[in-house]
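Visitor: Here the protein sequences come in this chain order: H and D.
So for the first sequence, my numbering puts the first residue at 23; every next one is plus one.
So for the second sequence, my numbering puts the first residue at 23; every next one is plus one.
Do not rely on the hints blindly, as some may be mistaken.
Copies of one chain are not kept apart here, so a pair can be met inside one copy or by any two copies together.
[Said to hold, decoys possible] Here are the computed lysine-lysine pairs in the BS3-like style, where the Cα-Cα straight-line distance is at most 30 Å:
#, residue 1, residue 2
1, K80, K304
2, K80, K298
3, K61, K167
4, K329, K61
5, K61, K165
6, K312, K324
7, K165, K274
What the hints contain is simulated information worked out from the structure, not anything from laboratory work.
Protein chains: 2
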Amino acid sequence: MSLSEFELISKISRLFKKLPDIDVGIGDDTAVVTLGSEKLLLTCDALVENSHFLLSWKSLVDDLFFYLGRKLVSVSVSDIASMGGAPLFSLITLGVNSSFSEPDLDKLYNGIRSALSDYGLSLVGGDTVRSENLFFDLFLTGKAKSGFMLRNSARPGELVFVTGTFGDAKAGLEQLLNGEITDSYLVNRFLNPTARLREGQRALSLGVKCGTDVSDGLVFNLYTISEASGVRIDVDLSLIPISENLINYCGKERALSFALFGGEDYELIITAPEDKEGELRKIGFKQIGKVSEGSGVYGNGKLLPKKGYDHLKGDDS
Amino acid sequence: MSLSEFELISKISRLFKKLPDIDVGIGDDTAVVTLGSEKLLLTCDALVENSHFLLSWKSLVDDLFFYLGRKLVSVSVSDIASMGGAPLFSLITLGVNSSFSEPDLDKLYNGIRSALSDYGLSLVGGDTVRSENLFFDLFLTGKAKSGFMLRNSARPGELVFVTGTFGDAKAGLEQLLNGEITDSYLVNRFLNPTARLREGQRALSLGVKCGTDVSDGLVFNLYTISEASGVRIDVDLSLIPISENLINYCGKERALSFALFGGEDYELIITAPEDKEGELRKIGFKQIGKVSEGSGVYGNGKLLPKKGYDHLKGDDS
């Protein structure tokens with residue numbers, strides 16, 4: 023179709039107007055709705071054959087479906103984590119076909135179960151359908167304890183903080199696409215990301231108001247904060263956390279490019295006042311930049327392109 | 023894969039043990055969970071290209087995607103209706119590819135929007151992904167006002183009641199598969215089913231404890247009640263509601279077979295004590311049989327086969 027994923031989301035947002043009992047509608051990481059005295063978070067994420075994974079990877083990764091099961095859960099939990107919420111209940115739609123074997127189903131479910139257990143949430147139902155390409159779609163509900171972090175709450179004068187390292191997942195994906203694994207740490211970062219659930223909840227409890235997770239690439243997701251909040255973000259490129267493995271894999275220059283524009287890191291970006299830096303550092307956040315009046319995302323003073331990460335292609339979308 | 027959809031659901035149920043905050047887990051029409059003082063209903067349903075619909079139907083039905091949008095919403099709402107609940111919030115995952123045109127997207131969304139409006143519920147978010155075959159997956163949350171109807175609550179001595187007529191959808195599907203529409207009423211019953219939301223809520227408010235909806239076929243879904251409740255169900259075949267259109271389309275004998283074993287009717291089955299018959303009749307329910315001790319589903323005294331409806335194939339699954 024002629025619309026990109028981002029144009030499509032934007033179009034969908036326009037088609038469906040925001041309704042009164044919806045606190046946060048289409049466009050943020052999760053929807054927030056009011057149910058009685060509770061705020062409910064709702065999100066969903068899908069993994070689709072030939073878009074998010076290839077069956078041929080089974081020859082490289084024995085337990086491919088175990089990791090896909092884990093990843094399916096982690097990427098949705100990451101949405102909840104980016105708001106500072108706690109995940110509660112999940113449903114799964116499985117689109118399967120005759121080439122999907124029972125051992126692969128067992129691996130998928132063991133992966134899902136192990137991730138559900140890691141994050142303390144339960145699977146309560148779902149649907150199974152026949153589909154020519156495999157797809158796994160997870161629907162997740164969560165709870166906001168006391169408010170939540172949003173993309174639109176960055177304020178001039180705040181600093182920008184992130185968890186973890188960036189670019190590893192793209193290097194992992196590259197190896198899978200090349201058909202040869204030279205650094206399994208990086209492949210694991212792609213196939214088995216960790217949702218930063220505790221970090222998000224702790225940031226929220228420290229009073230942090232603005233957060234998102236990095237699924238589309240660090241710069242791209244900085245833009246989502248910059249645009250939603252109406253602010254300029256300046257990043258000090260020397261402060262962007264990059265793993266030794268990534269530098270060893272592809273050298274410093276490419277590693278920086280992967281870190282800026284590679285996607286599927288599932289790390290968190292938050293913005294917070296300077297006086298929170300000490301506490302945020304203790305819970306795993308590192309400062310990489312600052313928020314000011316204006317617009318755009320800059321690296322060492324130069325405007326960075328808003329390049330979207332296009333899953334298996336890894337290029338603009 | 024070697025497992026049928028029903029074996030798969032059963033396997034998934036065994037893999038994921040029931041957890042304490044889950045009132046009703048995998049296996050009933052929707053999951054019921056406790057959130058604070060509220061009971062939350064959770065369900066999902068997907069429509070998949072070549073499993074639930076064919077693109078070639080566009081040459082027969084101009085607004086195919088409008089109806090698929092409506093159907094996507096109605097089939098999930100039907101799950102909530104079968105418990106007597108009220109739908110609240112929905113999320114949609116769209117799996118689309120380059121052959122999906124913007125006019126078709128508009129039709130799909132207009133259909134979704136019109137059905138959301140009919141049932142009084144809102145779309146609050148979703149995910150869009152690239153997929154070789156189109157799929158649309160709807161997640162729906164709902165609320166149980168005061169308890170809910172379940173499959174396992176039929177009691178000996180009760181009568182069996184249903185809404186609407188049976189078999190129409192299968193006759194509609196047959197026409198689409200044959201490539202020629204001779205009765206558009208029947209096709210509409212397949213592409214544009216109505217979830218019996220008000221009927222389910224009213225039955226619940228009358229104190230009805232047992233209900234399900236007919237997605238897999240009348241007899242098959244009577245079996246789900248019979249097995250979950252540990253009871254025998256006897257149906258008087260002459261009482262099964264069948265439309266004039268269906269009889270005109272295929273004659274009385276075939277019409278009865280369609281009504282018993284065709285799927286996707288999305289009508290409700292409930293069981294209730296005899297003294298409720300008058301009130302239930304007023305809200306659109308008709309009696310077709312009775313519940314007694316024992317097991318199995320019988321038609322005019324003969325054991326009926328538990329045949330599952332296999333969407334596009336319309337045969338055993």
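Visitor: Please flag the earlier hints that this structure goes against, numbers listed from lowest up.
Guide: 1, 2, 4 and 7
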